[in-house]
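2 protein chains.
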Amino acid sequence: MQDKLTLMIPGPTPVPETVLQALGRHPIGHRSAEFQKIVKRTTEQLQWLHQTSNDVLVITGSGTAAMEAGIINVLSKGDKVLCGDNGKFGERWVKVAKAYGLEVQVIKAEWGQPLDPEAFRAALEADTAKEIRAVIVTHSETSTGVINDLQTIASYGQAHGTALTIADCVTSLGATDVPMDRWGVDVIGSGSQKGYMMPPGLAFVAMSEKAWEASKRSDLPKFYLDLSKYRKSAADNSNPFTPGINLYFALEAALDMMQKEGLEAIFARHARHRAAAQAGMEAMGLPLYAAKGHGSPAITAVAPEGIDAEALRKKVKERFDILLAGGQDHLKGKVFRIGHLGFVCDRDVLTAVAAIEATLQELGLGKGTTGAGVAAAAAALAP
Amino acid sequence: MQDKLTLMIPGPTPVPETVLQALGRHPIGHRSAEFQKIVKRTTEQLQWLHQTSNDVLVITGSGTAAMEAGIINVLSKGDKVLCGDNGKFGERWVKVAKAYGLEVQVIKAEWGQPLDPEAFRAALEADTAKEIRAVIVTHSETSTGVINDLQTIASYGQAHGTALTIADCVTSLGATDVPMDRWGVDVIGSGSQKGYMMPPGLAFVAMSEKAWEASKRSDLPKFYLDLSKYRKSAADNSNPFTPGINLYFALEAALDMMQKEGLEAIFARHARHRAAAQAGMEAMGLPLYAAKGHGSPAITAVAPEGIDAEALRKKVKERFDILLAGGQDHLKGKVFRIGHLGFVCDRDVLTAVAAIEATLQELGLGKGTTGAGVAAAAAALAP
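These protein sequences, in sequence, are chains A and B. Numbering follows our numbering, with no gaps: position 232 of the first sequence is 232. Numbering follows our numbering, with no gaps: position 255 of the second sequence is 255.
Take these hints with a grain of salt, some might be off.
A pair counts as met if it fits within one copy or between any two copies, since identical chains are not told apart.
Unchecked claim - Using 25 Å as the maximum straight-line C-alpha spacing, the simulated SDA-like pairs for lysine to any residue come out as follows:
| hint | residue 1 | residue 2 |
| --- | --- | --- |
| 1 | Lys232 | Gly101 |
| 2 | Lys95 | Arg31 |
| 3 | Lys95 | Leu220 |
| 4 | Lys4 | Gln21 |
| 5 | Lys332 | Gly29 |
Hints listed in this document are in silico derivations from the structure and should not be mistaken for laboratory results. Predicted, not measured: the structure shown is a model, and the values here were computed from it.
Work out the full structure, taking the sequences as your base and the hints as a guide.
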């Protein structure tokens, strides 16, 4: 049916009507006093979301642009960095670092497993010469549905003294607690089509004073992603380059809604949806892909043994107009992922579980008692 | 009055209702077959607009991102480039080139004057060692309202053989004839909030085969702006990073409208509006800033002698809700600019002239016969 699509992928995520209406307003001049007000307001809202007094800068681009900006503004050619890699996005930051000639020490974990904070601690403690300039870590690994222990890893970065912690919080910010200042994270990158409940197009980089200090010696070439230009303009509630003006309208509307709901309620909602998605899948006999206790509050990856995950995903779309995400790279066909990030309510998660259960039943692939998935999800959602 | 603002600045430009409605649709997955259809369709439309069979790639970002991508993908550190500079955007490309360690030979003209193509010819002919790798030129210089002779400059680049022509067509594309293939332009950068009749957020880079050939030896670091990634994804009607999905909806709607109008009609409309704006200003005794015969079809810069241009501009906004652009840098207070680019009809230009004339009259600053500006503009608009 036309216009019936429900997004249950980890981005783009569903967008509230209020936000879409803001998006569809006629643009105004980006050098006007009226727009400066929006920049000022949204900057304060972004600081609230990041739980920080640091600068939070807005780039028109994707989450990758934000992360690249975070990396290339605080480092110099040949700098040594530790980079966590337990999924597609961890891999990506290794590639970005290498593209700019950084010396990358990769700390790996198998896909589906969390990064081991102790591996970071050991590498940082062994670095008595203080050559490690940054630790790059993905908080919520979108490809596997694993949440890494950013808090602990950041604490080891802090203890090291020289190393900055640069965190990909693209699918964690707005879904779970990321208190930037309290955890001592120096750089956070995120993107609008995730917890922000907005369409894609804006990306966000928060920078600590320590990160700005490091940026002074950065010699990597950049222009559009040169954050010093964004900081200078932000002081005047402006942008160095023409920003996505309509996306700013949407940003203000979405952050308004988030502030009304409150951080605690938002985090509790995502935790509840993780519990419901996990319980639902397990009750249906569908194994979770992420290691137990390390599932992301934003996304649940499922590895249905003996079932073509891609065929199941497509059937759910065809029958119920619910778009689930497939597996990436070597997980294609082996894994499907349920996005429960952003503008998602209990009904959406219950519905996704019900649709998956009904599809398995239609395909004659249901294991255990039919209805068990929905029952388990409903129990997890109950107040 | 609320919601009465009319944009007559060189970006963002007015956006048709149809395009805003497309923008406000709920996003779909960017890895879906439905989105691939949109990428395929808009790519063909973009090729039509660029009059090219070359790749035209879409970046989520500003026009500066597109130009930076065009420059850093085809050049290497230490490469010699010729860069035209007769305004703020010419200046910017010099800065981008220098930020990446290119050796820049600047060909300057005073602000308000066009670049002299003969200066490019002389420099290129003198380069018998074929060390010049690229000529960077701004077609329509937004800061001064001057159109440079891209066609002739590109022909000298072609005659040189090695040098690529990289053109900033941000405010010329969709306003005047830019036949990429026929003129032999190798790289064209543009942005959505200009002739495209869209809000800002998408940027476009067209690349000739010669440019792709040159890209193979490029050693400048990049990731988000690495066009080889975009080309690879484009072959699959996709994007390497999550694109501005809703902006794509708007792009398709806007290009539909442009195709219905037709290139010749679009160019004739912009030429007519340039003539009307120029005639109206001159009839009011307001001197044009761009040298005679070199005014851009997208924007008319006016230097009202003895009048505070900024005060006039603000008054027009206050009284009539028409937003004109001010002067940039040293032109602040000395120049105002009328944008007549994109979704602008005869009525809009007539209205802008009338509003400026009425404001001068209210301020007691009118020169010559009141009504002369509108009469001259009307004559220029008459079929």
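Results of checking the hints against the structure:
no.	hint	in the structure
1	Lys232 x Gly101	between (27 Å within a copy, 23 Å between copies)
2	Lys95 x Arg31	between (36 Å within a copy, 22 Å between copies)
3	Lys95 x Leu220	both (15 Å within a copy, 15 Å between copies)
4	Lys4 x Gln21	both (18 Å within a copy, 17 Å between copies)
5	Lys332 x Gly29	between (44 Å within a copy, 17 Å between copies)
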